[in-house]
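Each chain, written out:
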Amino acid sequence: MLHGISASISKSAFAALALTMGVSGAVFAQDWEETVAAAAGQTVFFNAWGGDERINAYIAWAGDRVREDFGVTVQHVKLADTAEAVNRVRLEQQAKKITGGSIDLIWINGENFATMKSEGLLFGPWAEHLPAFAGVDVEGKPTTVLDFQTPTEGFEAPWGMAQFNVIVDGALAPDFPTALSDLTDWAAQNPGRFTYPQPPNFLGTTFLKQATLALSNDPDALYAPVDVADFAAVTAPVWAFLDQLHPNLWQRGQNFPVSGPAAQQLLSDAETAATLSFFPLEGPALVAAETFVEATVVQGFDGGSIGNTHFVAIPFNSSAAAGAQVFANFLMTPEAQIRKQSLAAWGDATVLDESRLSAAEQSALLEATNGLSVSVGSVLPEPHPSWTSALEAAWLQRYGS
Amino acid sequence: MPAVPLLVLVTLPSALAVPCLFILSGPSAIVEALTLPGITKSLAVTLISATLGTGLATALSLALLASITGRSSRWLRLTMPPLLATPHAAMAVGLAFLVAPSGWFLRLISPWATGLERPPLWSVAQDPWGLSLAIGLALKELPFIILLAISATQRGHLEPSFRAALSLGYGRYTAFIKVIAPQLAPAMVLPVAIAFIYGLSAVDMGRVLGPTTPPPFAVLALSKLSDPSAQGWRLGLALSLHLAVITLFTLLAFTGLALAVRPGLRAWASNGQRRNVVGWILGPLAVLGRFAVLTSALALAGLVLWAFAQRWRFPAALPERWTGLDWVWARGLWSVESLNTLWLAFASSVLGLALALSFVLAERQARPSARASIGWTGAAVLPLLIPQMTLIPALLLLDLTVLGLSPWALALWGHVMFTAAYAYLSLRGAVMSLDPRYGKAALALGRPPWQALMLVELPVLLRPLMASVAIALSVSVAAYLPTLTLGQGRLETFTVEAVAAATGGSRRTAAQFALSQAFWALLFFFAALAVPDLAHRNRRGLAAHVA
Amino acid sequence: MSLELINLSAQAPSQALFSGINATIGPADVLAVMGPSGSGKTTLLNLIAGFADPPVRWGGEVWLAGERLCHQPPHKRRLGLVFQSPLLFPHLSVGQNLGFGVPGNIPAADRRARVDDALDQAGLGGVFDRDPQTLSGGQRARASLLRTLLSEPRALLLDEPFSALDEATKDDVRAFTAAQIERYGLPTLLVTHDPRDAESLGADVLHLCGGATAKTGSLPAPANWAKGSNV
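Residue numbers (this note's numbering), protein chains in the order written: chain A, 1 to 401; chain B, 1001 to 1547; chain C, 2001 to 2231.
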């Protein structure tokens, strides 16, 4: 069945590609042909977080596809932390290595993007010139061009949509609350059955942001740089909340899982009853993969949950910028986006405007996700990126030592 | 002259590491690193886990050796190499799975014996003071210390003195600790020191078994090194530098302690008492040592099961859903990881062995005094005396700012530094104690020096040479930081994947990669050890050009 | 062809070993070097063979067949050195060990023939493929001497060649050695502490006394042998 779908997707992808190229005009089409020609034979070192085997498998598939179609070889450099790549590019900049850099494409968003953009570590602008970018839902999904309050300005290409959610084992925790303010009571009744990845892991940090937005008296302050806010006052309710919560967390809040998959392992071991996720379809996908039990449910938070877009960006000294653009473009095509959203592959929501997909593509998308929704309630925009490190540092100061 | 390649390729860059970090981190970061939240406790966790882990490993090794001296010990010789070849990260994941509240030990007796339907709330792994990390380190260092000690006991004259002590009325364990241990000590000091330094900078094990609030020192340094801000990165470099200084001072402290207690120990050894508390403790410790080996074996068995498990919830004793050949396996052993693992291992072992051999031959020729030979040995094993967290980032900086090698060449170089050091370590004793008359006989028969070396001395040394190759190969296969950092992410090997998966938390993927890696490590290990047997069986094939 | 030692002396870092050694050893003649442990017997042998160890300072000259040897590397001197333990190479068979001695410029077929001849004449036929470890002590000693002889040496240097053998075998091997020296007409230097070795080879004796002087002389009376041979 899977083969049938991907074959039909493949055909329509070419149709869409041809269509978009026609629409976006001759100027870029000319450039694009040159880019594709230059890309052939290049090897793209794609530095992307490598902690999830399903995502790794998806990247491997996408790499195979661009080798078939464009002769571009993609090598996935599996990072433990995206900041490793940021540091390497910075080091190369300091060493005056302005060409032939070791990284060609980075999976990135938020603070890392803000850092790289402001330090001039990125190549571009290029993303909005890609043919497939025309299909991106810039209107309906504004975070595709506004990354944590930083305008992307074509320095990164949107790849997928994430929304913060909780994967709950419905059999073990039928009453897991949707309001964060009720979580402390639930944890008191179910000690040891919940935890979150330790900041600065992005899931843990997002939990802090979600809690701050939900509990603070002044949530609007999070949408301006942190240094113009009264940090202590804005975040005081969060620390009170965590002080109360931690004694009833897994291992009494003295240790935290190091990553999302580590936290998922705890759920699948039945040590905990719920875990955090950034992809609303990840829970169902892991049920389909028989990692989680059938009774698993996915829920959002009262008042909405943080959503963002994740991107790919090209360092200033990439040795295969053309190949990187061809790969980034492929990642935005309906073929790649539908597969990415499927439960069988990854379950990461598309950045495309679904209404502009063909009927066949729309039904393929529906089938790929088993008709499940990619949304868990309303979307809260990401706070200003400067809050990320401020919250992480404050957390580490309080609980990390 | 033959000593120069090793000095240039191994000793010099190691010696440059510390000044290099000092310059690049800068004084402000060096001071600021000392004020990071939790830095004191982080340091305490590191010192406790490394000291306790190495101490425990040494004590268990001595107890196990005491229990096998004068007896056949096939089981120990057969179980140690696989445990030595198992990567630290895989062992940590397996061990964590054994002892976790939802771990295998409890699953095997739940719910029928414990009444537990859900994992209990207590925790064993990741305790705040690094005790579980210490146990993990001890289990992993045990085979290293035992194997090097066994190769020392084969030097011959230990067995007679053991029998002499027995006949003087000393019990097995007292005889061992009073007579054999002091003779083993010189050969064991270096392996124990290397294991201790490894423990101080263990990133992979520290991430899985160590506490997180705060993490062990080396883990803290690595996490700072991957901080996106420039200042955070300099803090990471400064922490690496501090780690080197701490290592130096703890080694000095332990050396001082050892020198201080040595006269007392000698007096104790010769006080004539046949019964004493140490002899009494060693017996139970030997039992504990067997239990430790069993635990390591169980940890590996748990990993094997996990490699094929899809869903495996508490309290099931075996996986509920099995996975077939998924993508890690599907790409098979001829994947890019395999090829990288293979060429790195072969190239670095051959180069490392060549460097070590020419260095140790030069050392033999120079006939250094006892004091000078410390210098020779120190130069060859310098990369092992500096924490990897200090050495590796420094080497990368050196490359980026001065050398400009490709990631492949740089990673190979990094591997060679370690394979050369370990090859030297395992080769030195055999080369130095080789009867010099073999070479003289060949020369006197009219063969030039190179023929005396190649046709007589090296073939006679084939067994220790291949043992060095085996160790070098498994060192390369298991190398994590050199591959990851110096390969600049471009070199995927099974170890890199296994550690990424283990620290990423996916037990199944970690198990699969760890098993793939162990496959190569074990294959190399036993193949290298089998070569001398095959060659000696067909002596003619080995020396057809001679007769 | 004769081996000449001219005014040889050696000085260890802490003490003088010997000095003023002068001797001429003619074809098939044997000079036995005797003396207590540490008197420099083996040092003298090593010095002649070209294995002067760095801490020992030495002086004098060694001439062989009218050629001065002092600055030649050991493998070019063509002096057959035989050790106390037979020291066959453990990784080679007995035949391969002997083949190792045959000069490299001999064609392969001849090499094999020479080794076989040598083994046959020594009463060692049929051991070509044996592991050296499986030979008896006497067989090993003979094989070791044959290996040296096959290398076509111009003189023989024997370092305690019989001391590792049991009494019964010693006489056999002594006789075999004497016969070979006679057959090839080799000037021979024998280092030993056992006067019977010297006697069996009909040797002149050079006594090293652990001091700066060396004496040549005849053997002590047989009645004194058991006490040692210091004169």
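Just so you know, these hints were derived from the structure itself, not from any lab. One should not assume that every hint holds.
[Claimed, not checked] Which stretches of chain C does chain B cover? Using the computed rule of at least three CB atoms under 8 angstroms from a CB of chain B, they are: (1) 2007 to 2014; (2) 2067 to 2076; (3) 2142 to 2151.
[To be verified] Computed cross-link-like contacts, DMTMM-like style, restricted to lysine to aspartate or glutamate with a CA-CA straight-line distance of at most 25 angstroms: (4) C:K2076 with C:E2199; (5) C:K2076 with C:D2171; (6) A:K96 with A:E68; (7) C:K2076 with C:E2061; (8) B:K1041 with A:D243; (9) C:K2076 with B:E1032; (10) B:K1041 with A:D353; (11) A:K117 with A:D137; (12) A:K141 with A:E290.
Ideal Cβ positions, reconstructed from N, Cα and C, are used throughout, including at glycine.
Item to complete: Compare the distance between the alpha carbons of K141 (chain A) and E290 (chain A) with 25 angstroms, and conclude whether the hinted pair is satisfied.
Response: Roughly 32 angstroms separates the two Cα atoms, so the pair is violated.
Discussion item. Please verify whether K96 (chain A) and E68 (chain A) have alpha carbons no more than 25 angstroms apart.
Written reply: Violated, because 35 angstroms separates the two Cα atoms, which is more than 25 angstroms.
Worksheet item: Are K2076 (chain C) and E1032 (chain B) close enough, with their CA atoms no more than 25 angstroms apart?
Response: With a Cα-Cα distance of about 67 angstroms, the restraint between K2076 (chain C) and E1032 (chain B) is violated, given a limit of 25 angstroms.
Worksheet item: Taking a Cβ-Cβ distance under 8 angstroms as contact, does the region 2142 to 2151 of chain C have three or more residues in contact with chain B?
Response: That given contact holds, which follows from 3 residues of the region 2142 to 2151 of chain C lying within Cβ reach (below 8 angstroms) of chain B.
Discussion item. Against the 25 angstroms threshold, does the CA-CA distance of K117 (chain A) and D137 (chain A) hold or violate the hint?
Written reply: holds, 23 angstroms
Discussion item. For a C-alpha distance cap of 25 angstroms, please report whether K2076 (chain C) and E2199 (chain C) respect it.
Written reply: The given pair, whose Cα atoms are some 31 angstroms apart, is violated under the 25 angstroms limit.
Worksheet item: Does the region 2067 to 2076 of chain C contain three or more residues whose Cβ lies closer than 8 angstroms to a Cβ of chain B?
Response: Held - the region 2067 to 2076 of chain C has 4 residues with a Cβ nearer than 8 angstroms to chain B, which meets the minimum of three.
Discussion item. For a C-alpha distance cap of 25 angstroms, please report whether K2076 (chain C) and D2171 (chain C) respect it.
Written reply: At roughly 32 angstroms apart (the allowed maximum being 25 angstroms), D2171 (chain C) and K2076 (chain C) break the hint.
Worksheet item: Is the Cα-Cα distance between K1041 (chain B) and D243 (chain A) 25 angstroms or less?
Response: Measuring from Cα to Cα gives roughly 21 angstroms; hence the hint holds.
Worksheet item: Keeping to a limit of 25 angstroms between CA atoms, is the pair of K2076 (chain C) and E2061 (chain C) held or broken?
Response: holds, 16 angstroms
Worksheet entry | Straight-line alpha-carbon gap K1041 (chain B) to D353 (chain A), limit 25 angstroms | The hint is violated at about 51 angstroms.
Item to complete: Test coverage of the region 2007 to 2014 of chain C by chain B using CB-CB distances below 8 angstroms; three residues minimum.
Response: Since 0 is below three, the answer is violated.
The structure is inconsistent with the numbered hints 1, 4, 5, 6, 9, 10 and 12, although it conforms to all the rest.
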